[in-house]
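Chains as they are written, first to last, in numbering that gives the first Met the number 0: chain G, 0 to 362; chain R, 0 to 39; chain B, 0 to 435.
Where hints are given, some of them may not hold.
Mimicking DMTMM-like on lysine to aspartate or glutamate, the simulated pairs with C-alpha atoms at most 20 Å apart in a straight line are [what the hints assert, rightly or not]: (1) B:LYS357 - G:ASP3; (2) R:LYS33 - B:GLU318; (3) G:LYS41 - B:ASP310; (4) B:LYS154 - G:ASP65; (5) G:LYS275 - B:GLU318; (6) B:LYS234 - G:ASP299; (7) G:LYS41 - B:GLU318; (8) G:LYS282 - B:ASP310; (9) G:LYS311 - B:GLU37.
No lab work stands behind these hints: they were computed from the structure. Computed from a predicted structure; not experimentally measured.
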Amino acid sequence: MSQDVSRRSFMRGASLGVMAGYFGAAGLASTALYRQVLPPEKLDQTDIGELKGLRIKVVSETSWYDNNVFLNDVKGAGGLLVNQYTIPWSVEGVKAGYKGSNLGGFATYIEAELLDGSIKRILLDTGWNPEWMEKRFIEEGVAEKLAKNQIDYWVMSHEHIDHFFGVEAVTKYNPGQDVYIPKGWYPEGYDLLKGKAFPKANVKNDHPHTGKVTVLDSSKVNKMFPGFALLTFDVPIILRVFGEQAMVFNVKDKGLVLVTGCCHMGIITYMETVRKKIKGGEKIYAVQGGLHISPFEDWDPQYDDLIFAFNKYGVQKIGANHCTGFITVEKMIAAKLPVVKGTARSMSKRDIYLGNGDELAIA
Amino acid sequence: MPEEHKPAETGPKYWVGLLVGLAVGGGLFWTTMKILVAMR
Amino acid sequence: MTTHTVDAYADRVASPVHGEAPEYHPLDELWLEQRTRENLLSQPLRGLLNVALTFGVFMLIWYVFMDPRGILKWYTPMYGYMYIRWLLIVAIWQAYIFNFWPFRQEWMEAAHPLVKGPVLVGINWALTGLLIWGGFFYLVGKFAIPYFSWPELHKLGMSDFFAREYAGLAVLMAAAIASWLAPIWPMAFENYPWHKLTQPAKGLTVLVITSLCTILIFFFFMHGHFGVLFYPWQKFAAAFPWWYGYAKTLSGNFSVGWIMCGTIAVWLVETIWERYPFRLIKTQPLRGIVGFFWVLLVALTMFYTFNLLQDLAWGPAYEGGKRLFAPDWRYLHSGELAVMMLLPALILYFYFDNWPRKFSAEVNLTVRTAITVGGTFVFNWIYYSVSPPLLGTQPGYSHPQQFPMAPVILWIVIMMYHNWFMDGWPGKRIPARKDA
Chain G
0 MSQDVSRRSF
10 MRGASLGVMA
20 GYFGAAGLAS
30 TALYRQVLPP
40 EKLDQTDIGE
50 LKGLRIKVVS
60 ETSWYDNNVF
70 LNDVKGAGGL
80 LVNQYTIPWS
90 VEGVKAGYKG
100 SNLGGFATYI
110 EAELLDGSIK
120 RILLDTGWNP
130 EWMEKRFIEE
140 GVAEKLAKNQ
150 IDYWVMSHEH
160 IDHFFGVEAV
170 TKYNPGQDVY
180 IPKGWYPEGY
190 DLLKGKAFPK
200 ANVKNDHPHT
210 GKVTVLDSSK
220 VNKMFPGFAL
230 LTFDVPIILR
240 VFGEQAMVFN
250 VKDKGLVLVT
260 GCCHMGIITY
270 METVRKKIKG
280 GEKIYAVQGG
290 LHISPFEDWD
300 PQYDDLIFAF
310 NKYGVQKIGA
320 NHCTGFITVE
330 KMIAAKLPVV
340 KGTARSMSKR
350 DIYLGNGDEL
360 AIA
Chain R
0 MPEEHKPAET
10 GPKYWVGLLV
20 GLAVGGGLFW
30 TTMKILVAMR
Chain B
0 MTTHTVDAYA
10 DRVASPVHGE
20 APEYHPLDEL
30 WLEQRTRENL
40 LSQPLRGLLN
50 VALTFGVFML
60 IWYVFMDPRG
70 ILKWYTPMYG
80 YMYIRWLLIV
90 AIWQAYIFNF
100 WPFRQEWMEA
110 AHPLVKGPVL
120 VGINWALTGL
130 LIWGGFFYLV
140 GKFAIPYFSW
150 PELHKLGMSD
160 FFAREYAGLA
170 VLMAAAIASW
180 LAPIWPMAFE
190 NYPWHKLTQP
200 AKGLTVLVIT
210 SLCTILIFFF
220 FMHGHFGVLF
230 YPWQKFAAAF
240 PWWYGYAKTL
250 SGNFSVGWIM
260 CGTIAVWLVE
270 TIWERYPFRL
280 IKTQPLRGIV
290 GFFWVLLVAL
300 TMFYTFNLLQ
310 DLAWGPAYEG
320 GKRLFAPDWR
330 YLHSGELAVM
340 MLLPALILYF
350 YFDNWPRKFS
360 AEVNLTVRTA
370 ITVGGTFVFN
380 WIYYSVSPPL
390 LGTQPGYSHP
400 QQFPMAPVIL
410 WIVIMMYHNW
420 FMDGWPGKRI
430 PARKDA
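One chain only, chain G, in its complex shape (with noise of 0.2 Å):
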């Protein structure tokens, strides 16, 4: 009997001992031996090779040209998780819009100039209505190149709207130019290169893509050529789309040169990716392309966190627009973040950052 006692209470000492124990350590190590715990940081950089000069043009960054009526879209589809193939976009009675379309795209034009002096050709996405594209495609020379197969990268950064329901606008002048798209593309998205349509959403492709796709995954540095390199991320994006891809050139003298589409990811996240993976990753000399941070004019204080931190990056050059929001290009001035302006023409609707047809160009 006495011997159940005791083991009765040996039981009852060691219940309360486990967890004090468990919750104790846990709450110990969470506070007071935080550093302790937390193993140390392990970087593994990939040397990528360098390039003599970059000139980074800005075919299209106007994606949409009223918010209000972007939004109305997105609210009345039932918000920001709806599918994009699914969505009716506002295609006419858009009096800010292209024609009446509210729809207008994003791409880029890249010119790489190699140590040996050779230029290498990029073209990153095909923007979203293809009308606008191919408009902006001929005015600046990429239509010509793309049927002359002068394009040596065609890369896709993500799946949205538009950055790729412009796709015809491209596979009209080269149905079989091979294309570099991040991991994580939905069926739709492969049907769309291959011409299936999508009435609701008011897309299309009437000229079929042919050319080869590959996949580029997170689990390495895609490095393209010497001084290039891709780097993609598994990352949840609005209107049920998953992944992004985003460039890196390393230029002599200067330092790495990072090239986005959206930067879902998030640009801090994105530099601190480099500084991890990519040797001289401490030095980041440029910024260029979308950083997705206010793009519907709202804003969440964490983006005043991201303005903040920038600052301590050293980055010489911000050439952000698009999906980086009016707001957030405001307070980078403010902050005296080194952004660089633009001409506000061909529909861009301020110069306070690179707009349509600007350029920068690193040598």
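Following the hints, complete the assembly by docking chains R and B onto the known chain G.
Quick look at chains R and B alone, frame taken from chain G:
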């Protein structure tokens, strides 16, 4: 059950149990941390 | 009369503890504690059936009201989550603060669950709608502070979508803070010093006091977030987020995180931990004061522990980061993980008789806690695996438009309706009075 209310319950064995339990509990949390880092 | 019942299950069965007298006369008892119910089905069928039933009802309500592929599509996510948070606090007011007033005990015992349920749930929904639309959107937002009101923000020039989201966040945070503070009074203080009042005076008093505390906590911990949410910063109307240096974020998500842990800690202490250890203190208000700080300690331990576990799993967040690497999202996710912890605890408490109950308190509580902690890891894995096809969400832990707390709390609300308003029928039922 009458034994439940006997005052002799928190004898030395209770405290021994408590100490053993503390070590086990702390060890379990340490294991939890190690598993999470290993899964990275 | 012993506190152990053999044939019927009393919702509050005290585990035997050395030194504790078998008969403790509480200052104030809830009807939920006093009612006795009999089992209509045996375990494990009773538990499994009731879990499946509440899950089925949850899925139906989710599809109609929240699912992005469904009918109303309110999960945007703050708008839908706002309603869910208010359903919860109003249910707490009905069951814990007003003790089901104005319904009399006789009616509560005699009415069939299929009558009681719809009536009480109907009142719950009506009050929720009235408080949100009448109270916040058309009174507070119009005559006091615009950010509590969707129509008002939209009128001031904000886009309709974000007006609804920003107002949704403000309104839901008021409910969240209240759902941490309101139950503390009946649970820890046994409604002391107003325990002798009758309803509705008792309920109104506790409601007013806890609402005052809620308002104060809101202004100290959330108002600053709204001050920097708008452009330009509303620096004269709201204090700068004073937690910035410590938390490395301006965002009020820092506060949201630990406050959500607080709302969960209250229920863990109330259910699987049977109000230990402060129940050992026999006198009020000492018991209540210790209880309040005990809940706070549990909440902060959960908060910091979940922060650490995330930093171990994904690497630390960094200032200015986004998605998984945003410090403010990590704090918020700690709150999300806490809610995932409540789900197995409530299933154990409501549907599996808070097993085990036959050992000493220490052993019972430890086994339940082990089940709850293990259940949290398992549920976390299940949730992120099945929620895209089941709930219409996107894959990934951190999505700008997602907030797993919303569906999980909705299921918890359904379970509360089922157990508080319907006595857990058809698993259990209050037996008919023999002397009727």
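Exercise for review: Tell me, in ascending order, the numbers of any earlier hints that this structure violates.
Suggested key: Violated: hints 2, 8 and 9.
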